[in-house]
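J.: Those protein sequence lines, which keep their order, are chains A and B.
Quick note on the numbering used here: the first sequence kicks off at 1045 and runs consecutively.
Quick note on the numbering used here: the second sequence kicks off at 1045 and runs consecutively.
It is worth saying that the hints were derived from the structure and are not from the lab.
This structure is a prediction, so every number in the text was calculated from the model and none was measured.
Don't take every hint at face value.
Identical chains blur together in the list; that is why a pair holds if it fits in one copy or across any two.
Unchecked claim - Restricting the straight-line Cα-Cα distance to at most 27 Å, the calculated cross-link-like pairs of lysine-lysine (DSSO-like) are: (1) K1299 - K1248; (2) K1184 - K1202; (3) K1067 - K1184.
2 protein chains.
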Amino acid sequence: MYIFNTIQEIQDYISSARAAGRKIGFVPTMGYLHEGHLELMRWAKQHCGTVVISIFVNPTQFGPKEDLAQYPKDLDRDVQMAESVGVDAIFHPSVAEMYPSGYCTYVDVERITERLCGLSRPGHFRGVATVVTKLFNIVKPDQAFFGQKDAQQVLVIKRMVADLNMGLEVVMVPTVREADGLAMSSRNIYLNREQRQAALVLNKSLKKAKEAVEAGQMDISIIHQLVVATIAAEPLAEIDYVEIYSYPELEPVIKMGGPVLVALAVIIGQTRLIDNMILGVEDQCS
Amino acid sequence: MYIFNTIQEIQDYISSARAAGRKIGFVPTMGYLHEGHLELMRWAKQHCGTVVISIFVNPTQFGPKEDLAQYPKDLDRDVQMAESVGVDAIFHPSVAEMYPSGYCTYVDVERITERLCGLSRPGHFRGVATVVTKLFNIVKPDQAFFGQKDAQQVLVIKRMVADLNMGLEVVMVPTVREADGLAMSSRNIYLNREQRQAALVLNKSLKKAKEAVEAGQMDISIIHQLVVATIAAEPLAEIDYVEIYSYPELEPVIKMGGPVLVALAVIIGQTRLIDNMILGVEDQCS
């Protein structure tokens, strides 16, 4: 497995892989990998002859009040984990390599960034769209793999790829969960035993919504109340948001009649956890 | 010469040109071609095996007060002119092909868009950067050719290409002028005989600035005054702006010490004309 720090090096590598006729699969990450990331890499490996991942803690997607400097790092561990699932190359650039002096170009995806995590993290998706555009232009992948846990991020990137004619396929990989249903997250380690138990309420509330829809419930406000009530019954859980929008447009919706995204952010102790489920489709991924 | 209306068609064409090992040269236009455009196409033809131009009056670069519907069109004439200089294919999409329903992604180049024409036309460069990103992603050119007459536009696009790692070369082609020095423009036909004569003051004032710099003048404010005074001496000319900035950064500058862009917009009758010159470089293009 190769590790490249410069754009020139990764591009030379990609050029030879492409010249050899290999399909390029790409998984952008901010490092500190967990099982969810590895699942993306396994999917990439199944679909593409060459798998490249990036490890880059992107400063432009952190707000001024968010502590970029605190973001966890462990490159040695990341390298071992990536190698264990057959990744071919890691692109690990410096901030100066990605944003040299005088940098001033940004990509904005409007509307679908104005809801959910876009509300609580202004500027976040501008940073995501910009760095992902740069990474796509550098790596020129045939397919890029993102986890459903950040469903809004996947929608933003799909929209951007379509709107700007980027000519690659964005693949959404189902959320990887612990045996008891908790969505994988680097943040789960912050939970103590009681909080860890309480955190099951995220997945539990989404399952209740799913059961209600399957039983014929059409009224979005009733489904919404069901999710809110389920979480409210857990004393250690505090709701940041519970939202239901049409999928993939993320428009307000009042009656079931097509796919909807049920998305939630819940604070347990000091830890903000997110989860979501897509309902109203035949082949449900969650 | 081919004319394609859909993204799929032009991409299929480009793929076969590339498979045949040909370099792709690209000239984006809004149509109603003149000699300046043809010069870009000739340059492209000299450097690239396959030359593609686009003809698309891009709605997102017109302000709400600018009359998009009035923009002149003559496709038959454009086709003949393009063919006469050896263009291989024209991409002529509809607005719906470029901006389908739900479109919501935009590219912003900050700072260098906040001066000169960016001030009098808010949102203009956002539209330009967005449509050029789309066209570059569709055509995937090795080189793209733009005229120096819109020097700020060239700088914005060069900055965007570098910042977003687009991996193509932006070539700035010197302004094509009439025998008497007037920069070519579709708008020159609006000038009557007297106005046409008065319009020579644009190039004349730039030449005075050049002579002053060559004679050793270092003080930007004196060079600026010289240009303003030259234009002011022409009764039919009204200054929109005369600005001198560092080149290519477009930062304010007080003393000569590197390349500068002298840029002006002048209104003659009802017609707004622009021109510019880059001073303080060895090999001067104007």
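J.: The structure should be examined with respect to each hint, and the outcome stated for every one.
T.: Results of checking the hints against the structure:
Proximity of K1299 and K1248 under a CA criterion of 27 Å is satisfied intra-copy only: 22 Å inside one chain copy versus 68 Å between copies. For the homomeric pair K1184 and K1202, the shortest alpha-carbon distances inside one copy (15 Å) and between copies (20 Å) are both at most 27 Å. For the identical chains of this complex, K1067 and K1184 are neighbours both inside a copy (10 Å) and across copies (18 Å), given an alpha-carbon limit of 27 Å.
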